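Residue numbers (our numbering), protein chains in the order written: chain Y, 1 to 89; chain Z, 1 to 522.
What the hints contain is simulated information worked out from the structure, not anything from laboratory work.
The reader is advised that the hints may include incorrect statements.
Per the computed footprint, the stretches of chain Z lying under chain Y, defined by three or more beta-carbons under 8 Å from a beta-carbon of chain Y, are [what the hints assert, rightly or not]:
hint, region
1, 416–422
2, 500–514
Listed next, with one range per pair, are the computed distances between beta-carbon atoms [to be verified]:
hint, chain 1, residue 1, chain 2, residue 2, range
3, Z, ASP512, Y, GLU19, 20 to 26 Å
4, Z, PRO256, Y, VAL43, 38 to 44 Å
5, Y, GLU19, Z, SER351, 14 to 20 Å
6, Y, ASP12, Z, ARG135, 54 to 60 Å
7, Y, GLU33, Z, LEU291, 52 to 58 Å
8, Y, PRO27, Z, ARG186, 50 to 56 Å
9, Y, GLU33, Z, SER351, 33 to 39 Å
10, Y, ASP12, Z, GLY234, 50 to 56 Å
11, Z, GLU433, Y, HIS9, 31 to 37 Å
12, Y, HIS9, Z, ARG481, 28 to 34 Å
13, Y, GLU33, Z, THR201, 57 to 63 Å
14, Y, VAL43, Z, LEU501, 27 to 33 Å
15, Y, PHE32, Z, SER351, 31 to 37 Å
16, Z, TYR69, Y, LEU52, 56 to 62 Å
Over the 12 Å line for every Cβ pair with chain Y, so calculated as not near, a few chain Z residues [said to hold, decoys possible]:
hint, residue
17, LYS124
18, ARG181
19, ASP211
20, TRP392
21, GLU465
22, LEU470
23, ASN486
Please read all numbers here as calculations on a predicted model, not as lab measurements.
Think of the CB as a built atom: it goes at the ideal place given N, C-alpha and C, for glycine as much as any other residue.
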Amino acid sequence: MTRDEIYNHLVDILVNTFELERGDIRPEVNLFEDLDLDSIDAVDMFVEIHALTGRRIDAEVARKIRTVQDVVDLVEAELAKAKGEGAAS
Amino acid sequence: MSELDVDVAIIGGGLAGSLLARHLRRALPDLSVAVFERSRETSFKVGESTVEIASHYLSRRLGLSTYLYEHHLPKNGLRFFFDTPERDAGLTAMSELGSYGFPPLPAFQVDRARLEADLWDMNKESGVDMRVGARVSEVELDESGRAQRVHRFKAVGEGGETDVRCRWVVDASGRASVLARQQRLRVDSDHPIAAVWGRFTGVADMDDIDDPAWNARVRYTHRVLSTNHFCYPGYWIWFIPISRGVTSVGVVCEHPYFTDAMRKPEGFLRFLNQHRAVRDLLRPSELMDVLAFKQLAYGTTRYFSPHGWYLTGEAAAFSDPFYSPGSDFIALENDYIVDMIGLEARGASASEREERCATYDEYMHYRLRSTMLIYRDLYPILGSFEILSLKWSFDIASYYNMWGHFYINDLHLDLKQIRSEVRRQAPTLEGQEQFAALFRKLGEELRAQGNYYRSNLGKFTYGIEHIDYLDEIFAPRSRRRIMEVNVGLFNLIRGRAHALLHGPDSRVPDLDLAAFSSQSLL
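With the rest of the complex left out, here is chain Z:
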């Protein structure tokens, strides 16, 4: 048996763990870092699409911007297509919600296997002790509170056993959740969705479609570089390009739409081919592999411990891939972990560290709760262009104004700012619930009237044309200004929802901010 003493041990060398190792080497170069990865090589993984927070983390915090442009694909925002009840619309006939210009901050479509392999190399080069093919089981946590804390575990690999001692240990083992399971931190989710996905080669390029008006309406930007969603009541299908001629295609559905047959290539293809536009794109392609998860979403009772152990990425929690939030969570968690390790390494007092740990942990819980409310019980409305366009306006405003602004301006590392956000979580979540109820009601009513699909053909919207604050996004702004903008949008969205429910001439009086979280919006 060999022995290893290291400052920070990271269990799992996937995206979360590899990014954390890089982050630690850059921010705290005096600390030694070891990564224990079960696999011997990186493999196809889902989660190719980054959004603004994650991109900001990758490019600015981790210095990967030129690397990303060189080896991965720039992302042309999100895009959503809508279909008939018979699912027989051709792609160019479908109503479309999507950009006609690149978003204000760049985002990327990453080839996960390649990114992780490259990160392994970069990390090794920067002095990270990278142990592949190493399986970690029981971690003996030191929660005694003594200054010279030592967590211990055994890593078993081909070369035998290593007895590892470390001051900090991070669970980045993904769904295996080594530490989270051992500490019984897992929380089941009340959001029952499954996912099946595969890699395809030779998928038809939608930018090759010869339809001048269709190409002109996105100002000739590249739809193929978007995260393309085909939306149906109860499920959606994604198309994401991941470089080198490969496309990731997957379906995320409420449990009633999921069958075990979909886990196999034939069943997966049979499901996809029921949709004409999807079938047309896949016709020339070949399926390389299929993976599936029956239960995608889950939570955790704790993200960070003041005793120097932490969870990051899917070891902690997962919500829903619809808006690609997975790597945003990694960005936040890794920022917090690096900050807490740095604080302790610099000799901060136990009370200061405990306070920071508790505040960060609370913010993560808030973030997950809020993210779940974007999706929970809302799958029935996904298939309607009119309703999803409204919901999108709400969701994009929340993302840019609240979460994006907070992260990109580094307010998420300022205790005072976090406390202020957390203090307001009850009204914020309540406001989200009220909007969710409004969107659900819209779905039920339009369905009952036979109008759910009425705008699903021939329409196009960017979904942000009524947003008059584009120039301000991510610039330093006061909360009052942000809330002013939000209230304007909330009233606009509520007004449009009422127009859909009660006719174009219906009017509702404007509400102030507090009213959005204290009364029904119906």
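Excised from the complex, chain Y in its bound form:
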């Protein structure tokens, strides 16, 4: 998946799961302060990210997430790790 594909996929997740308006979602917006998500929503979001990457997200890493871009970076990194592990095995 390219960065753009990841971003678009994430926007779909946010729109479909959290009843958000597509137009409100931009890379720099803060998930919690701008989009009004809270820790219950974050749990739902990480369930979706798990489905996308096949990897469990470390709680410490998850806690540092603030913006949409942070999630895109995280998914990209996790997908790369998953690919690396796939190639190694």
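Starting from the structure of chain Y, add chain Z where the hints point.
Coordinates of chain Z only, in the frame set by chain Y:
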């Protein structure tokens, strides 16, 4: 046999049906409305106390605020008194949880018989076809899906039979639940409580008690205007003033405390008189009548059908009267019914209507499930001032922050907002379960230690002094802000519970919101 064609037929002219008829006339004046009421006149009914959501519905949605102030009583919040194990505390010695100022939104103590009679008159005047003494049996529902839908039923009254045809039919028949029973929608409840109540004249006025300190601690507001609860493990007794010198007094108890003798005046009075403070208030009074229900709570598999039939009020469900939620449910259901009828009348597509109907129905189920969790298996803790004060803090926060905020800001009619709430119902209900388990544990532990009653005399709390968001209640707020406030309160309540369990110096680390619904709070 006569015939009647009407747009909306409402079965039952009690509170739910009469309010709905008024609501329909105000919101959708082009539609004709007929109400079929079995009784010929309104009668004494329980459910006098309204809380904020219902009051908002009555005063703003239905335009009844001046009427309510003129003909009913303003309510001075909820109030709870606690007793000794021997039930021999005098009223002023009892610990008390209750307000010293009127609540942020007004609520009312209504005289049900009078309110319903007045609504009949107002509705007739506004063009509602009001048929009293009319019994409705089998309703032939039209679920064919055709545009010109026709439900049919026979209404039998003194003047003979009327063959009624309507596009929408609403079951507002209360516990008779004409449509709900016919469609086998009733669901038994796992909350086994019974209620017995009566009307009294001449009950002593607790505001006449000459005890300066006791009067001062509520800042001279009127305790008699509160919904007053006397709380015991397994049951509680209410005192509610309903104007014209009449007081409603009732007991709600878990089944083991209920006996058939309590259905009779002698048995009811014998039960009440076992409690000194209650006995003192009743001493000068006379009992007018007694009514009882062995099984108060029940649910329904469905509230609303996309085929234009709906349930409202006790025709659908009932939870528990402890916090007076009955008319709150009517407010929600009637808002939804009027909205769905309006949508169809304006020609909305079948898919749009079905979606709305399913979403509203789901929200009602969620609301009832959540309401049941406030009470289920929690009667054993009601008699302890310390535990109920904590539970009250939790319950009032949930009510104001979640349900009250949602209703009063009209978010309950916004599909996106409802879906968002419903999506979060699993963690929300789980969080409620965890707090219920914490309160139950407190009850068991304090009992085992012999401390259950230790603070039941001489204490007073408003129960909201640690709430730092009073100014924000019902103002538009983001969900994040609401949840921030909730998390603060949840941590505070959990911390206090642990202090009760393990001593005042015990500390527990703060949790984040998601943690409250994913782990034990013990």
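How the hints compare with the structure:
no. : hint                           : verdict
1   : 416–422                        : holds (count 4)
2   : 500–514                        : holds (count 3)
3   : Z:ASP512 / Y:GLU19: 20 to 26 Å : holds, 22 Å
4   : Z:PRO256 / Y:VAL43: 38 to 44 Å : holds, 41 Å
5   : Y:GLU19 / Z:SER351: 14 to 20 Å : holds, 19 Å
6   : Y:ASP12 / Z:ARG135: 54 to 60 Å : holds, 55 Å
7   : Y:GLU33 / Z:LEU291: 52 to 58 Å : holds, 54 Å
8   : Y:PRO27 / Z:ARG186: 50 to 56 Å : holds, 52 Å
9   : Y:GLU33 / Z:SER351: 33 to 39 Å : holds, 36 Å
10  : Y:ASP12 / Z:GLY234: 50 to 56 Å : holds, 52 Å
11  : Z:GLU433 / Y:HIS9: 31 to 37 Å  : holds, 34 Å
12  : Y:HIS9 / Z:ARG481: 28 to 34 Å  : holds, 30 Å
13  : Y:GLU33 / Z:THR201: 57 to 63 Å : holds, 59 Å
14  : Y:VAL43 / Z:LEU501: 27 to 33 Å : holds, 28 Å
15  : Y:PHE32 / Z:SER351: 31 to 37 Å : holds, 34 Å
16  : Z:TYR69 / Y:LEU52: 56 to 62 Å  : holds, 58 Å
17  : LYS124                         : holds, 43 Å
18  : ARG181                         : holds, 37 Å
19  : ASP211                         : holds, 47 Å
20  : TRP392                         : holds, 24 Å
21  : GLU465                         : holds, 26 Å
22  : LEU470                         : holds, 22 Å
23  : ASN486                         : violated, 10 Å
Violated hint for the displayed structure: number 23, the only one.
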